[in-house]
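Asks: In case you want the letters, here they are:
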Amino acid sequence: MLPEPGSYWLVRFLFQRGLALIYLLAFLVAATQFRPLAGEDGLLPTAEYVEGTTFRQRPSLFYLFPSDRAISVAAWTGVGLSAVALFAGPYWIPTPYAVPVSMLLWLILWGLYQSFVNAGRVFYGYGWESMLLETGFLAVFLGAGPSQPPVVVIWLLKWLLFRNMFGAGLIKIRGDDCWRDLTCLDYHYETQPIPNPLSWFAHRLPDRFHRLETLGNHVVELAVPFLYFAPQPFAAAAGVATIGFQGWLMLTGNFAFLNALTIVQSVALFSDGVLTAVVPITAPATTVTPAWLSAASILLAILVAALSIQPTANMLSRSQVMNTVFDPLKLVNTYGAFGSVTTDRFQLIVEGTREPNPTEADWQAYEFKGQPVRTDERPSQWAPYHLRLDWQLWFAAMRPQPGPRQRWFTSFLAALFESDAATLSLLDSNPFPDEPPEQLRVLRYRYRFTTREERAETGDWWRRERVGTYVMPVSESDLREGGIGRRRQVF
Amino acid sequence: MERFVQVIVAGGLALLAGLWGGQIADPVSKAWLGSVAVAVGGVLALAVGINSQLDY
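If you're matching them up, the sequences are chains F and B in order.
Here the first sequence is numbered in the numbering used here, starting from 263 and rising by one per residue.
Here the second sequence is numbered in the numbering used here, starting from 34 and rising by one per residue.
Check each hint, because a few of them may be wrong.
Stated by the list, open to error - Okay, derived cross-link-like pairs now, SDA-like style, lysine to any residue, Cα gap no bigger than 20 Å in a straight line:
1. LYS420(F) to ALA575(F)
2. LYS631(F) to VAL414(F)
3. LYS420(F) to LEU46(B)
4. LYS420(F) to GLN572(F)
5. LYS420(F) to LEU49(B)
6. LYS420(F) to ALA43(B)
7. LYS420(F) to THR315(F)
8. LYS420(F) to TRP53(B)
9. LYS63(B) to ALA80(B)
10. LYS631(F) to SER687(F)
11. LYS420(F) to LYS63(B)
Simulated from the structure, these hints should not be mistaken for lab results.
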């Protein structure tokens, strides 16, 4: 038998507050980063998005209003409405209006974020973007006020969490030998996209610990997800295991809001009875779910079931594809993080000089917020905030030279030549505060964490060795006059 | 679908069936004991499915 319909009021309340907080962060990221990345004069200009697609393929407000003003208004509207949701706005208004206002609020948040994801292209090409949209769309149907949430939506959240975790478990087993011989976590903490202050310590844990935690990863991602659909207290126990697992990942790395979002989804694994037993809160007297909301949630369940066919087939397929969407609105998607783990960490170091004939000592490096540059630099904590440029730099560094997905890199260098304030705001430091550099170059290094002995001796966190040149020294006029042929020489 | 996925999915579904069966049946009745057996079988299948892919 299914749990009592009225036993999820607190679950809904907690879930909505958590989701609102993630939306708030996501819109703050959009407000501060979207313009330099994908705005009118961004590294990937909005006009390119408009010319390269149709509204039907990638629906966005910015298809209709491709301007920085529209981007700014949408981002700050999202921040404001997320704050309203965070402080439970719909719960403060008279009962008859609580559910419709809640639906409208969550629908606007979903629509606004959809606009950023679809227009953001490579800078918004992460699995957790579509996951936030899918989670946010389900939130539209949860209701608010004293009425009970529709139980079917709680179960749809469990189904979403199942695809998130089980998909990640399967793609690991299929994707990389190191997940099968239990050695992936020997490398992961060092080579992950943006290490955090505890990554060095996690990397230096004994090998036996890494074997055990890799095995634990398989259990939590491949076995535990089935318990999401079990009766209480088994579902809650699965929730504790999932939250603990995500908490460890949050403690030891910067994965934007992926882990926080998964924790928020995990709230759906509890019931009010379980929550009140462990948290000192009580649910108020509740009323039944409005009939029209129940009917809408059943229609939603039918829609999700129909749209789940392709993602489920993909998840179970031998040729499983990671983080894929199957409909333009990203209503039901397939997920799967870290199917493979790189064993070497490569970094791009962007350097500039004002000297016409520079020696090695004349080059000065730009510093990034999340990617290491100096070897004595302690990795910083950023998650759940998302450093979108830093993530792309990590992908870019995997190749010896820029590939098709690094079209933005030429524009990035051009922006540095212009000392473009918006682009520089994405960086941690600018070594040319007065006048822009005359030349730029990009070197490629292999980085590794220092050993305990090296760290005790020098205080350094990293050791590095140069492995190549990503972009040869180039002047602004070289870059601008280059074209494709010239760019080949430059890179 | 690979064999190990079939085993894991079957094990997970058996675990669920056993847990829900145990929830519905009277404790220590035949149906309850049967449900427990199905759940234990499910756990074993999950373990076998995962272990079959490990090479350490």
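Asks: Hints first: check each against the structure and report whether it holds.
Replies: Tested hints:
no. : hint                   : result
1   : LYS420(F) to ALA575(F) : holds, 18 Å
2   : LYS631(F) to VAL414(F) : violated, 42 Å
3   : LYS420(F) to LEU46(B)  : holds, 15 Å
4   : LYS420(F) to GLN572(F) : holds, 18 Å
5   : LYS420(F) to LEU49(B)  : holds, 14 Å
6   : LYS420(F) to ALA43(B)  : holds, 19 Å
7   : LYS420(F) to THR315(F) : violated, 34 Å
8   : LYS420(F) to TRP53(B)  : holds, 16 Å
9   : LYS63(B) to ALA80(B)   : violated, 26 Å
10  : LYS631(F) to SER687(F) : holds, 10 Å
11  : LYS420(F) to LYS63(B)  : violated, 31 Å
Checked against the numbered hints above, the structure violates hints 2, 7, 9, 11; every other hint is satisfied.
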